[in-house]
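**Q** Order-wise, the sequence lines are chains V and Z.
Position one of the first sequence corresponds to residue 366 (this note's numbering), numbered consecutively onward.
Position one of the second sequence corresponds to residue 18 (this note's numbering), numbered consecutively onward.
Please note: incorrect hints may appear among the correct ones.
[Claimed, not checked] Listed below are the simulated DSSO-like cross-link pairs for lysine-lysine, each with C-alpha atoms no more than 30 Å apart in a straight line:
| # | chain 1 | residue 1 | chain 2 | residue 2 |
| --- | --- | --- | --- | --- |
| 1 | V | K397 | Z | K404 |
| 2 | Z | K519 | Z | K506 |
| 3 | V | K397 | Z | K385 |
| 4 | Z | K475 | Z | K404 |
| 5 | Z | K365 | V | K397 |
| 6 | Z | K366 | V | K397 |
Quick caveat, the hints were computed from the structure, so don't treat them as lab data.
Everything numeric in this text was worked out from a predicted model, so none of it was measured.
Here's the letter readout for the chains.
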Amino acid sequence: MSEQKPPEKPPKKEEPKKKKKNGEEEEEEEEKDLEADEELGNILKNARNRDPQELNQEYRQKSGE
Amino acid sequence: MQNRLVGREQEYAMKIIPVFMPPPFPPLTVLTQQEFVQSVQALREQWRAEFVSEIIFKIMQSESAYFFDARSNNHRLWLRNGGLTYIDLGSILEFASAEYEPCSLDGVLQEKASERILNRALEKVIAERGLQEFSLFKNNVGPGERGDIYDEVSYASHHNYSYQTNKRERVYALLTNFIPASLPLTGSGHVYRSHRLGVGNQFCFTLSQRVPHINLLKSSGTLRGDRGIVNTRDEPLMDLSCGLSRLHIISHDATRCEFQTWLVDAIMHLVLRIAEEVEDEKVLPPDLKDPRAELEAINFSLEANFDYQVRLAVPYLALLSGKKDLFEYNYLFLDLAKQLSPLSDNEKKALEAWEEILELLMARAFNKLVGKLDWVTKWKLLRRQMKREGFELSDPQAWLIDMEYHNISNDPNLSWYARLEERGYIQHLVDEEEIVRTMLVPPPTRARCRGDLLELIKTNSRLWYQVTRFNWDGAKFNNYQDMIYFGEKDNPFVPTSSSIDKLCRDLNLKKDTPQ
Chain V
366 MSEQKPPEKP PKKEEPKKKK KNGEEEEEEE EKDLEADEEL GNILKNARNR
416 DPQELNQEYR QKSGE
Chain Z
18 MQNRLVGREQ EYAMKIIPVF MPPPFPPLTV LTQQEFVQSV QALREQWRAE
68 FVSEIIFKIM QSESAYFFDA RSNNHRLWLR NGGLTYIDLG SILEFASAEY
118 EPCSLDGVLQ EKASERILNR ALEKVIAERG LQEFSLFKNN VGPGERGDIY
168 DEVSYASHHN YSYQTNKRER VYALLTNFIP ASLPLTGSGH VYRSHRLGVG
218 NQFCFTLSQR VPHINLLKSS GTLRGDRGIV NTRDEPLMDL SCGLSRLHII
268 SHDATRCEFQ TWLVDAIMHL VLRIAEEVED EKVLPPDLKD PRAELEAINF
318 SLEANFDYQV RLAVPYLALL SGKKDLFEYN YLFLDLAKQL SPLSDNEKKA
368 LEAWEEILEL LMARAFNKLV GKLDWVTKWK LLRRQMKREG FELSDPQAWL
418 IDMEYHNISN DPNLSWYARL EERGYIQHLV DEEEIVRTML VPPPTRARCR
468 GDLLELIKTN SRLWYQVTRF NWDGAKFNNY QDMIYFGEKD NPFVPTSSSI
518 DKLCRDLNLK KDTPQ
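Make the full structure from the sequences, and use the hints.
**A** In C-alpha cells, the structure reads:
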C-alpha cells in the first residue's frame, strides 16, 4: 500500500573548479552575470502586452461569432 | 536527526484577465459612482471565490486528489501526496504541504509539486473559461482595493515546526532575536514605497515583503494590525501526550528558489534545537534591544550595503557600545548550532550551507547568491531591467517585475522566475522526476498514514459515510469509538499507525482489494 521510502538525496553542493596559476591555487567558478545577460529578454510577452482588439477578435473566432 | 515535523501553508494571490468582461449591471442602467464601484467590487469578490473553487474542483478531478471533505464549508481537498488545499476566509486559495523532516529535500519537493498541481488545474480553467490570463502568485503582498498598487495588503506563508512544549518560552525568546537577524537569508525581496514626514514617498528595494506587515513582537493573531514576529497560536495538531507543540511562524516570506526554501527550514530547525537542547542561557546569543525595530531596520539594510550593526539589550562583553555587526550576530547562532550533538549528515550539510551563505553575504559576493536566494535573484534582475529600459524603482514596471517573479507559471512568458530558470540561473536541488513523483507520493512521515487510511476507506466504502473527523493528526468514525492517529498517539514522527491496524482488525476491514 505505501511505497518504499526513496533514498534521500543530500543537497548538491557546487564545488568550485580550481586551477594552479603562478604556483597558487585559484578558485574558478562558472558564474553567469545576470545584470549583463544580453539574451534574457526585456519583457514578458504575456497578455498585458498584446493588443486588446487582437485578443477580442481571437475570442470571437473561438466562440464562433 | 532530531525528530521534528515541518510544514508550510501558502496563500496565493490571483490575477484574472477575461477576454470579455460582462458588465455587472444591465445596459442603460444609470448608477452613481458609489453604486458602480460597489458593483465592481462585488463582482470581483464573486469571481475570486468562483475561480478559487474552480481550481479546487479541477484538482479534485485529477489524480492528485484523494479526499474531498464535503462536510467542511471551505472546500478542503486532501491530496495523495499528503497535502491539503482549501479556501480560506471565503475566497483565498490556500495550499498546505504534507509534514516533512527538516534538512531533507521533501520540503522543496512538496513546494514544487504543489506548483505543478496548481498549474495543471489553471490550464484547464483557462481553457474552459476562455480566459486571457489566470495567474497565481506565490508571494506575500499585493495591491489593495484603493487603486494604488503600493497600498498593499498582505497574505501569508505560514511555516510550521513541531517543538518541545516545555521549552516554549526559550523558543519564543530565541526566535524573536533570530528571525529579524536572519532576514538576509530568508527574505524574498520587495520594491517598497515608504512615506516619511518631510520627505514624501520614497522607493527602495527591501529584503522582505512581509516585514512591513509585522507590527508586534508576539501575537496569536494573523490579520492586519495583529501580526507578531512570533505567532503564539497554540494548535498543536498532535496529541498532548507527545509533549509537542506546533510553532506557527507567519513572519517569513514565501520562497521560490529551491535552495532558499530548503535553507530557511534547515536553519530554523537548528535554532530550535539550540532552544531545546542548550541548557546554559549564558552561552546563548544576547537579546536584541528592540527586535521589532531591528526587523524593520534590517529590512532596509541592503540600501547601506549591509553596513549595519544590531543593537543589543545588554552591552556585549567585547563591545561596550552594545552593538554587533549583523552577520557576526548571525554567526553566534551558527557557532552554537555547530556544537549540537549528535548531528545527522543532512544537518551537517545544512550547517555548511548556512556558513557558506553567511560568508558570501559578508563578502558582498551577491553574484554567487543569484539563483540561491530570492531577494538577490530578484534584485539583480531588477537592476538589469532598470539599466536596460531606463526606469527607476518608482516606476510601476519595477513593481510589476517584483510581482511577476512570483508567478508560479512555468511559462517564461508569464513568470520572471520561469524565465530565469529557463536561462539556467536557478540552482536546483531536486529534479523533474522527483517533483512529478511527489505530486502523488507523501513524504515518509505521518502523512503516509493519512494515505493509508484513505486507501482503506476507498476499499471499504461503507466507511465513507462514517467519517466524523479527518484532520492532520487523525480521524474519527461514527461506528468506531477509538481515535485513529496518524503516526502514533505519543509519537507523531513515525510513518506507521497501530491504530489503523487495530481499526482493520476490529472492523474486519479489507485491505488492497477494491470492492
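**Q** Against each hint, give a clear statement of whether it holds in the structure.
**A** Checked hints:
At roughly 17 Å between alpha-carbon atoms, V:K397 and Z:K404 fall within 30 Å of each other, so this suggested pair holds. Taken as a hint, the Z:K519 and Z:K506 pair is honoured in the structure, with Cα atoms around 13 Å apart against an allowance of 30 Å. For the hint linking V:K397 to Z:K385, the alpha-carbon distance of about 9 Å falls within 30 Å, and the restraint holds. The suggested pairing of Z:K475 with Z:K404 is violated, with an alpha-carbon distance near 58 Å, which exceeds 30 Å.
For the suggested pair Z:K365 and V:K397, the alpha carbons sit about 28 Å apart, so the restraint of at most 30 Å is met. The hinted pair formed by Z:K366 and V:K397 meets the criterion: a straight-line CA distance of about 25 Å does not exceed 30 Å.
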